[in-house]
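Residue 400 in the numbering used here is what sits at position 400 of the first sequence, and the numbering runs on without skipping anything.
Since the hints were derived computationally from the structure, they do not count as laboratory data.
The structure presented is a predicted model; accordingly, all values stated were derived computationally and were not measured.
A few of these clues could be false.
Distance condition first, Cα-Cα at most 16 Å in a straight line; then the derived EDC-like pairs of lysine to aspartate or glutamate [stated by the list, open to error]:
| no. | residue 1 | residue 2 |
| --- | --- | --- |
| 1 | K546 | D457 |
| 2 | K289 | E322 |
| 3 | K537 | D486 |
| 4 | K263 | D429 |
| 5 | K146 | E322 |
| 6 | K490 | E509 |
| 7 | K146 | D17 |
| 8 | K531 | D519 |
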Amino acid sequence: MRWSKLFIPTLREDPADAEVASHRLMVRGGYIRQLGAGIYNYLFLAQRSINKIVAIVRQEMDAIGAQEMLLPALNPAEVWRESGRWDVMGANMFRLKDRWDRELCLGMTHEEVMTSIARGELRSYKQLPQIWYQIQTKFRDEPRPKSGLMRVRQFIMKDSYTFDMDAAGLDAAYDLHYKAYCRIFDRCGLEYAAVEAHSGSMGGSQSHEFMVRSDAGEDFVAVAPKSGYQANLEKAESNPVPPASADPAGDLEPEEFHTPGRKTIAEVAAFTGLPETSQIKSLVMVGAKPVLCLLRGDHQLSETKLAGLLGVNEVRAAHPEEIRDWFAAGAGSLGPVGVKNMRVIADNALRGRINMICGANKDDYHLRNVTPGEDFQAEFHDLRQAASGDTHAETGEPLEVFKAVEIGHIFKLGYKYSESMGLRVLNEDGKEITPIMGSYGIGIERILSVAVELYHDKDGIVLPAAIAPFDVVITPVNNADAAQRDAAAKLHDECLALGLDALLDDRDERPGVKFKDADLIGLPYRITVGKKLVDGKVELVTRRGKTSVDAPVAEAAAMVHRMVRGS
RNA sequence: CGGGGCGUGGCUCAGCCUGGUAGAGCGCCUGGUUCGGGACCAGGAGGCCGGAGGUUCGAAUCCUCUCGCCCCGACCA
């Protein structure tokens, strides 16, 4: 295609409201424009990239026998009420009413709709298993859209759903997806990790997230490379660093002491001269009922683990008035000793510790010499959020924690939707059974965004060839030179004939402008037609690394072709 | 939902504190010269200063309200 005829609105300067690299560069490079908070126009270049990503996804999904459908984004409230998620989704769901005042929503995902199709049509075990998928726009009213296309309110998702007769069938479907996802992300040129994830409100058993390491991400991943351990931080299990100082020896009795104005762990540590690891952190959390959570002073509570333990979707911190009500003391002076009115759950890191410090449930007082299991009783569980510096639970290998972007997620759903929505089929014996389901998502724009995050330099984007909007740009240095112009046009035609997506920069611009723009939009290869043309040579520039080789005009197209196919 | 910041030609921003006829650079249009890393000269177009109300002889500037956007946190299949 000829650049002079295209709409590629590149910007000389960074847009004022873009922070992360992918956002900044995709706006500057003329890929996207913002329409509203978390709502973007995908212009020509972005759409071409997205089309390539979608094509890869579609090929790999089709290859595992998945069948593509297209479901409505506009959903009646009823199906969401049946699964119970009309209420669960809360403010994150876009809701609207039609002219008759009937309630509708914009789909955030499509378990309900897919299940509604299945229950109407699937009757017999002979029809199972099924893998259904779609590539469709999802809507989520995010509380805080951010970082360009990373977190938006409208986005394209590939979502698939599997229906199987039994757990073994689901395992197979899950495995097919796992492998397909690896092929998809490999082909897109990404570096990623498949990590163990919690299944959240989806109500599933097993789940993996596909994560790309990036500071632009919002999730944290813990890995122990040698041990092969990779997990979302929310779920990661590990051994903490040992306490900073040994517990006082002896079978000591709890003893109250005055701590005027000392409320936080840090303040009490400074006051007592003992490290944070010598304290018991007491947090009042509310799930269905209030619970007192105990952690080592320097540890953080994993709300995900607590919610899982309590069997609820989410937990919240108790309000100050509630704490006052239940403990007759403020949040800075709480402790487990003498607590009878609620469940007390202690993190495993407190097991075996003795003579620690905690709040006295009396404002401005703490207790020393408190020994878990002796001075108070508690259930011990893993409540703690893993942290950098922890070691792998079995091998002792240090854990590394880093930020990551989630680009895919696969779930074993179980029976949640098939059960609640009444999907039943007859088995070989003529008995009704409930099929078991899985659900599997890929964020299409996130693949593009994260590729830009992963691959860019000071001059712009450096996309992998598989998802770049064009394979190659042909740049005549001086378009007024008829020989250069004609040679460039011929090279363009040759590239097209070889099946390459080629872009001819036939704009009447100075060379600097053309080079800068080519670097910015990030196509993998450039053929520069310039002064060496008189010797029958052109330059073949690889965007990644900015390396350049001279090539005979007659061979340049074929060389690019080989490099694109080989990459 | 808490905290912070910003809305002025297409873009990046100055002007606001201390009210007095709206600016710069880039981009855009015309003509000319140029042509290997965001050229130069000459001429030109383009802005109810996010919106509403108020104060004032007079408001981009001061006050009130409102809308929008960005960032941090909370939140988040």
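Outcome of the hint check:
1. K546 / D457: Answer holds: K546 to D457 is near 10 Å, not above 16 Å.
2. K289 / E322: Within the cut-off at roughly 12 Å; holds.
3. K537 / D486: Status holds; Cα separation ~14 Å.
4. K263 / D429: 66 Å, violated
5. K146 / E322: Not OK: K146 and E322 at ~34 Å, beyond 16 Å, violated.
6. K490 / E509: The hint is violated at about 20 Å.
7. K146 / D17: The hint holds at about 10 Å.
8. K531 / D519: 20 Å, violated
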